[in-house]
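**Q** Knowing the structure of chain U, use the given hints to seat chain D on it.
Chains U and D supply the protein sequences, listed in that same order. Counting from 1, position 154 in the first sequence corresponds to residue 154 in UniProt numbering; the numbering is continuous, with no gaps. Counting from 1, position 165 in the second sequence corresponds to residue 165 in UniProt numbering; the numbering is continuous, with no gaps.
Bear in mind the hints are in silico, worked out from the structure with no lab data behind them. Because the structure is a prediction, the values reported are computed rather than measured. Misleading hints may appear alongside valid ones.
Stated by the list, open to error - Here are the simulated lysine-lysine pairs, DSS-like style, with alpha carbons at most 30 Å apart:
no.: 1; chain 1: D; residue 1: Lys233; chain 2: U; residue 2: Lys68
no.: 2; chain 1: U; residue 1: Lys235; chain 2: D; residue 2: Lys144
no.: 3; chain 1: D; residue 1: Lys144; chain 2: U; residue 2: Lys153
no.: 4; chain 1: D; residue 1: Lys152; chain 2: U; residue 2: Lys170
What the hints assert, rightly or not - Some residues of chain U that are not near chain D, with every Cβ distance over 10 Å (derived):
no.: 5; residue: Asp39
no.: 6; residue: Ala273
no.: 7; residue: Thr391
All residues carry an ideal CB built from backbone N, CA and C; glycine is no exception.
Take a look at the letters that make up each chain.
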Amino acid sequence: MKLKRLLIAGAALALTAFPAAAGALSFWHAYAGQQDKIDFITFALDEFARKHPDITLDVVAAEQSAYKTKLNTAMASGNPPDVFYTLPGGFLNAFVKGGQMYALDADLAKDGWRESFLESAIAQTMKDGKTYAVPVDVDSVVFWYDKALFAEKGWTVPKTYDELMALAEKAKEEGLVPFSLGNKDSWPATFWFQYMEMRLKGSGVVASFVNGDAGATLGAEGEKAFQTIAEIAQKDYFPIGFNGMSDQEANMLFLNGQAAMLLNGTWQIGASADAPEGFELGYFAFPSVSGGAGDQSDVLAGVAASFGISEKAENKADAVTLLKFLTSPEVMTKYVELRKTMVTVKGATTEAAAGPVLYGISNELMNAAGHLDSFYDTAMPPAATNIYYTTLQGVLDGSVAPADGAKRLEDALKANK
Amino acid sequence: MMRADIGFAKRHNRAALIFLAPALLFVFAFVAYPVVYAGWLSMFQWDGASAPVFVGVGNVLRLAGDPIFWASLGRNLLVALSAIVFQVFLALVIAYCLVRIVPAFSRIFLFFYLVPVMVSEICIGLLWRFMYNPYFGLVNAALKAVGLDSLKRGWLGESDTAFLAVVVVMSFTYLGLYVLLFTAAVRSVPESVYEAAEIDGAGHGRKFVSITVPMVWDAVRANSLLAIIGSLKTFSLVFVLTNGGPNHASEVVSTYLYKMGFGSFEMGYAATIGFAQMVLTALAAWIVFRYMKRKGDA
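So here's chain U without its partners, still in its complex pose:
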């Protein structure tokens, strides 16, 4: 036991304590644990070593959820890596607030680097007018369905919220779960609330809280949005015990044909790869809500990951070289090809690399969108996210009244911490 502890302590020291030598950079990323992620980072790092033999990288990889804790610990202890993967929004802003992030604006201004990114994407890694990270990939949320199932039942894709509810009722009568949902970890239900808020009030609600706008509010629409999704739950349109099921379990219902639809991110394309024979993944946009004040073409889409440089990094020129390489069209197109995820670099999400479904979402849905609204739960500060999550679970299972839920969320967002 003691020996084990000693070894762990030693390993931790070895990983964090040795400062990078000249011409060397420490690089931390979360592309681990999943084959497509590993394939991507292996490709990128091999290419980098080939093109920049003068820069040696000291690479540390960790799986996503462990990575967050690891990076936080390193940041807190004042031993940040030089270049690292980070989530945008509240997670990144905490580091920015602590003065630990290097502002990239001067470098972005050179050689059209800033212009190579989608404007809506790079806006999500900015704070108080400065850019602290470069965005990598974009996830967007749409309704997913099995085309074969819809064809068999003669159902058509709904365009309005009323049509969606009518379709849900039909699905329920057929003994299917209308909308699969595995809300144990709470993020899956956030899409429902956010889309309702976007349709009813408009995009940018949480962003205005985060930016500290004086007039920021969820409005009466916040309560209405909670009210609407609570009604969906009351009608038993979600699976039994959805608050205890994981997203994977919800996926099992969906892919097995026990559930008709699923509101989920574009990672659903990867998750549907193991679907049974005959399953044909289709998507449709979140329908319009009549009387809603928001732009009904808006899409929930957010930057999922980004790369930043720590203020403490000694070798910033090489660090920028690494970031420029990682966000080059060549590497990013490979990213799309391997991970089936949209990227933030203009023109890199090609039809050949993305495949028809993803390309359709990127090219039709997102290009036609009035606004892209980034994920509320990653945009808001961590403490508010926690409250958002538990409130959603409570509203959906009826233990929190929609009005109380809206107030709880509004208060948490106003506290802005």
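**A** Quick look at chain D alone, frame taken from chain U:
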């Protein structure tokens, strides 16, 4: 004591200290230091990244008025209560049966009781998640098979059953450990006492209450203490099964601490919760030790 003896003892003291020093060092590095650090941290508001802000007893006051914390602590106490009944007491009954009634099969039974103790809690949690799954799970399928369709539900996902579902898993998981400990204790009770009781016509019930329980009382006390401390610190099964949800319905102190520390990044408040948990656990242990003493013990 003679002078030479004192010198001898002193020499040995030094040797003993030298041998104990490394262990002590580890205790300081990995137990004492973190405890002191947590105590210090609990006086700050800190998100793990920016500079800590001193708030003094602010975190303690916040804790005192935090309904989620008290509700979580209440659930920990319920876990402890259920552990005393469904783990410790039940284990003693089972141990008695294994040793006194079916000694021939005690080994094989013991083996089965011990399987969950040997499997990691995370695996057990994941296994039970499958059993509880409302659509593919064994629990609902079994209810359907015996015609109790009306009892089918989403066990882990509904506020009124989530905590109960977790407690059931805990009881199954830890029962075996106490059966093992009690089997050893019950075996050590001299056969002659039972023989005397049998001559007087005592049945199993009477022998259990009047001989076994008093004879293994020290083990009962130790195991109860173990169960209570374990219950107040319980984390992994809750974390895997429900993560404290839905909406804190199955939250215990440790999962709340984790959420505050690594979800909300409120390190200072999380340290306060941890410190309170430690103090309350020590207090509970002291109370149990004090009130479970046998009459006549010093």
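**Q** All hints are to be evaluated individually against the structure, with a verdict given for each.
**A** Here is how each hint holds up against the structure:
no., hint, in the structure
1, Lys233/D <-> Lys68/U, "holds, 24 Å"
2, Lys235/U <-> Lys144/D, "holds, 23 Å"
3, Lys144/D <-> Lys153/U, "holds, 29 Å"
4, Lys152/D <-> Lys170/U, "holds, 23 Å"
5, Asp39, "holds, 27 Å"
6, Ala273, "holds, 21 Å"
7, Thr391, "violated, 7 Å"
Figure legend: structure checked against the earlier numbered hints; the only hint not met is number 7.
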